[in-house]
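Hints given; two lone chains; assemble the complex.
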Amino acid sequence: MELKKRKQDIAGTISLSVVRLMFFFLVVVLILLLSKIFIEGVSVLSLNFLIDEPRNNMTEGGIGPAIFGTIAVTLLMVLFTVPLGVFSAIYLNEYAKDTFFTRIIRTSINNLAGVPSIVFGLFGLGFFILFIGKNLDNILETGLLFGQPALLWASATLAVLVLPIVIVSTLEALNSVPKSHRDASYGLGATKWQTIKNVVLPQARPGILTGTILAISRGAGETAPILFLGAAFFLPNLPVADLCIGDYCITIVNPTEQFMYLAYHIFIMATQSSNPTQTLPLQYGSTLVLIVLTFLLNITAIVFRYRFRKILGRL
Amino acid sequence: MKETKIAVKDLSLYYGDKQALKDINIDIPEKRVTAFIGPSGCGKSTFLRVLNRMNDLIDHVKIDGEVYIDGVNIYDKSLDIVNLRKNVGMVFQKSNLFPKTVYENIVYGPRLNGIRDKKLLDEIVEKTLNQAAIWDEAKDRLNENALSLSGGQQQRLCIARALAVEPEIILMDEPASALDPISTAKIEELIHELKLNYTIVIVTHNMQQAARVSDQTAFFYLGELIEYDRTTKIFTNPAKKQTEDYVTGRFG
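Residue numbers (this note's numbering), protein chains in the order written: chain A, 5 to 319; chain B, 3 to 254.
One chain only, chain B, in its complex shape (with noise of 0.2 Å):
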């Protein structure tokens, strides 16, 4: 097992009155891919976004418990949550480029970080597109509308501009649920490629996904942290009867 890079404890959330997530705790390893898996409504995306305080932008929502990433509460009052999303990627269930250019987009966050050099920044987009797959299809179109390349050229895009503001952590949220299969094929091989370098979550609906690129699985019901193991084992021999049956398709 390698080292714990984001451990959890204790934690809920609720929405209004409303409990979303039961006590969760849950530790996760460092440069290794963890699935989360669940039925709709289960909380699996609720809690990634609590990864990188998402949930901060949604008004009614209470939290409580703590989430340490390299040793550090990321609910601490002092922490800067700018810095914490800088640290922690999101790539988002749709592509959600901007109506930017396919530079401009890449470039959107290194400039937040005040990186002005035209060089550098050439670099970046360079550097993140063949990290993400995509330089050969986008190179010859890095002045072109982002929203003119294909679905899954967006998705990798998305991922590419994740990687362009030297994240450690990469949080997907269902990335390749609105793709075609050859789209899905090769955002997974890049889940495999990034692994070396980067903590990745990922959310799927997709049980065959989640066996594919995941090293551990936690499975979800109900707001509740069901069952989390090597991805091995939660498919071939579950500990709990619920994670049984949903891993087997009797419901979900």
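Just chain A, with the same shape it has in the complex (with noise of 0.2 Å):
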């Protein structure tokens, strides 16, 4: 009896330890990749930096343009794939009966979270481009104004690329809410829509809000989807036009453009530069603004579902 104790103890101090030697060796993994870029990346670090276009075959200048294409495209993926997610998680949660036809969907929609994202690109060039783009412009007798790589096919093509990310959690967080408080609102009378609008939406909020979350880092990050949807090697000037009513005009994204792009940038300049040991310090600029970037994103989403759950825990 006590020889048997004694072998769990010798065996749980084992994996204790493993456990915790992994644990150590990823934080000092983290550690290094992110002190190394920090380091380097902070040296040419300033406002210029942040707002010039690129000089001198990538050399010298900054990476203004490519900050606003990853900003624009990203909020562009998020207006398009939030409400498609939000909204087919409810069908799927709320509505759709458990059937053989609703399994092979949700089974689907987790298959394509693993699809490579290059995939995605191809699809968006033959789905969005090719197809509805070049369509479009018959349709419409725009010339080639859609059928070409622009902003909004890149953003169309990430929004279907994430779209399982936030399927998936907002499918979590509907699933969350306590059935008692379901039936509770049915019992007052309220019919099937009311109780989700009042009742169970509210309380999915956070977890919503993580998945739009999870999905913006992922988007923001990517390159390989958007080499065929417009994200140009180098463009002087940003993506807008002016929107005019009347006599007034406010200048706008127009969404028909390319765009840099802040990944596909970095790629282009470790890469595709006539010099990349040049443009190494650049390189690393760009990287840590990558990452603060990204980490900004979240940091709203973040803040967005603190206040919710704030409202939800105390109000």
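One should not assume that every hint holds.
[Unchecked claim] Straight line, CA to CA, 25 Å or less: simulated DSS-like cross-link-like pairs of lysine-lysine:
#, chain 1, residue 1, chain 2, residue 2
1, B, Lys-79, A, Lys-196
2, B, Lys-141, B, Lys-120
3, B, Lys-33, A, Lys-183
4, B, Lys-120, A, Lys-201
5, B, Lys-7, B, Lys-33
6, A, Lys-201, A, Lys-314
7, A, Lys-101, B, Lys-64
8, A, Lys-196, B, Lys-33
9, B, Lys-24, B, Lys-11
10, A, Lys-183, B, Lys-20
11, B, Lys-20, A, Lys-101
12, B, Lys-96, A, Lys-314
13, B, Lys-96, B, Lys-197
14, B, Lys-120, B, Lys-33
15, B, Lys-64, A, Lys-196
16, B, Lys-197, A, Lys-201
17, B, Lys-79, B, Lys-64
18, A, Lys-101, B, Lys-79
19, B, Lys-11, B, Lys-79
20, B, Lys-11, B, Lys-235
21, A, Lys-183, A, Lys-314
22, A, Lys-314, B, Lys-141
23, B, Lys-243, B, Lys-24
24, A, Lys-101, A, Lys-183
25, B, Lys-24, B, Lys-7
26, B, Lys-120, A, Lys-183
27, B, Lys-33, B, Lys-188
28, B, Lys-33, B, Lys-235
29, B, Lys-33, B, Lys-197
30, B, Lys-11, B, Lys-33
31, B, Lys-96, B, Lys-141
32, B, Lys-188, B, Lys-129
[Unchecked claim] Label-pair distances were calculated between CB atoms; the ranges are:
#, chain 1, residue 1, chain 2, residue 2, range
33, A, Ile-256, B, Leu-59, 43 to 51 Å
34, A, Ser-19, B, Thr-250, 53 to 61 Å
35, A, Ala-100, B, Asp-182, 51 to 59 Å
36, A, Ser-19, B, Asp-61, 39 to 47 Å
37, B, Ser-152, A, Ile-303, 36 to 44 Å
38, A, Pro-120, B, Asn-85, 47 to 55 Å
39, B, Lys-141, A, Tyr-310, 29 to 37 Å
40, A, Lys-183, B, Ser-14, 41 to 49 Å
Honestly, the hints are just simulated from the structure, not real lab data.
Because the structure is a prediction, the values reported are computed rather than measured.
Glycine included, every Cβ here is placed at the ideal spot set by N, Cα and C.
Right under this line is the structure:
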């Protein structure tokens, strides 16, 4: 009896040590990686670096257009993917019956998350640009406007790419709303939609935002899918246009233009520039900015999530 | 005997192939407390949920028979379930207040009915909290999260929330089973007052509670209604052997 207990103790101590070691290893790698990027990157950081366009074959200047492009594409992506993902999840979780067909759909959504991103890029090219874009041009007689690589299609493709993330996390959030709260609502004479709108969705909001956060991080860092979809090697001008109503004009993002993208820009500087060694400091700087940018986008969503949780918890 | 409020005729309920309720016939009188007792799994809670069609929310449930409330068959195809549930309120075993303020919880039902007038809503809140005997404790906490109240207060708030849609019948599914004795006593006292204006059907595991609060008692066993009579009769001189064994604590 005593011997057996001691054996278990030893096994416990060993497994704890292994787990600790692995965790320590992870932390060291993370610190090394981030500190290298930070130390090398921070030396080129300046306001001009953030605003200016690249100059002199990308060996000088900044990454302004790439930052602008990244933010524009990511925000547009969120605009596409969140409503689509959330409503799909509501349908699947609240309305669809548990049949063979809906099970296949659920499995497919999970599988979709594992598809290599380059496949989404080719899908975007084939579906959005060559099919939807070209046909739009034919129908609206706009010449060659939609049927070419553009910010709009890059966002749409990224939206499809991150859709499984949004759907899966929304499904989990909806599922975690207690049945007793739904019962209470039905018991008071609420219809299904009233119950979803007034009871289920408010409680699911933090979970939905978590999905959005993950989607943003994923989307902003992707390079492969946007290769064919309008990410430009170098663009001196921002993809903006003036939208005028009468005499009143505002500058908006022009979704039919091409754009620069941070992740893609880093890839270009590292592999396609005439002198990759010379651009190395700029690569570090850009990487740092990309990480910080993703982090900031995340923070915004986290603040929202915190607010919603607080409303639910205290009010 | 008062007038019949709910009349159930030959009601059977199936979960898939399994029959959970067998040919139930019962008349529940108006403005009285009727208790359902019986061992776990005997179908008493399932039967309670038949009375406001909460079982409709579960897949694979099939119901035969008729349930008349004020002479209207609530399983008629043309019946509006939403209206039925407004007329037949429900209080559940565990408090299931929404993570909203006390005020928001009470006005949830009235708002569904399209009441928007702030003054009117305020009146409803005060009236129902008074009815549920919790106004004094809750009046200064109307804008606090309802979940910050104690368990007993939460359950009385659930009753107030059910009253806010002005039902005629209140179904209670073991409303005090998760509460301490003092809170339980308050709920029972409340039931006594509510029966002046409402028809109350209560499911309970606690036989002393059934004896204390109810006018009629129905004993369920294995999906059947074994005996239904005046509470004093059920507890002092039951007609059936099974009922006697149960109320004297020989099984269950």
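Practice item. Verify the proposed pairing of B:Lys-33 with B:Lys-188, using a straight-line Cα cut of 25 Å. Key: Answer holds: B:Lys-33 to B:Lys-188 is near 20 Å, not above 25 Å.
Review point. Does the structure keep B:Lys-141 and B:Lys-120 at a Cα separation of 25 Å or less?
Key: Holds, because 16 Å separates the two Cα atoms, which is no more than 25 Å.
Check your understanding: Taking the CB of A:Lys-183 and the CB of B:Ser-14, does the distance hold inside 41 to 49 Å?
Key -> violated (25 Å)
Check your understanding: Between B:Lys-11 and B:Lys-33, is the straight-line Cα distance small enough, at 25 Å or below?
Key -> holds (20 Å)
**Study point:** 25 Å limit on alpha-carbon distance, applied to hinted pair A:Lys-196 and B:Lys-33
**Key:** Given pair A:Lys-196, B:Lys-33 is violated - Cα atoms ~31 Å apart, limit 25 Å.
Check your understanding: Within 25 Å, alpha carbon to alpha carbon, are B:Lys-79 and A:Lys-196?
Key -> holds (18 Å)
**Study point:** Pairwise beta carbon distance, A:Ala-100 to B:Asp-182, judged against the given window 51 to 59 Å
**Key:** violated (42 Å)
Practice item. Assess, step by step, whether the Cα of A:Lys-101 is no farther than 25 Å from the Cα of B:Lys-79, and give holds or violated. Key: Holds - the C-alpha atoms of B:Lys-79 and A:Lys-101 are around 21 Å apart, at most 25 Å.
Review point. Using the C-beta atoms of A:Pro-120 and B:Asn-85, is the stated range 47 to 55 Å upheld?
Key: holds (54 Å)
**Study point:** Pair hint A:Lys-101 and B:Lys-64, alpha-carbon separation not exceeding 25 Å
**Key:** Distance of about 17 Å is within 25 Å: holds.
Review point. Taking 25 Å as the top limit, are the C-alpha atoms of B:Lys-79 and B:Lys-64 close enough?
Key: holds (14 Å)
Point to revise | Holds or violated: B:Lys-33 to A:Lys-183, with C-alpha atoms at most 25 Å apart | key: Distance ~30 Å between B:Lys-33 and A:Lys-183 Cα, so the pair is violated.
Hint violations for this structure: numbers 3, 8, 14, 16, 26, 35, 40, all remaining hints satisfied.
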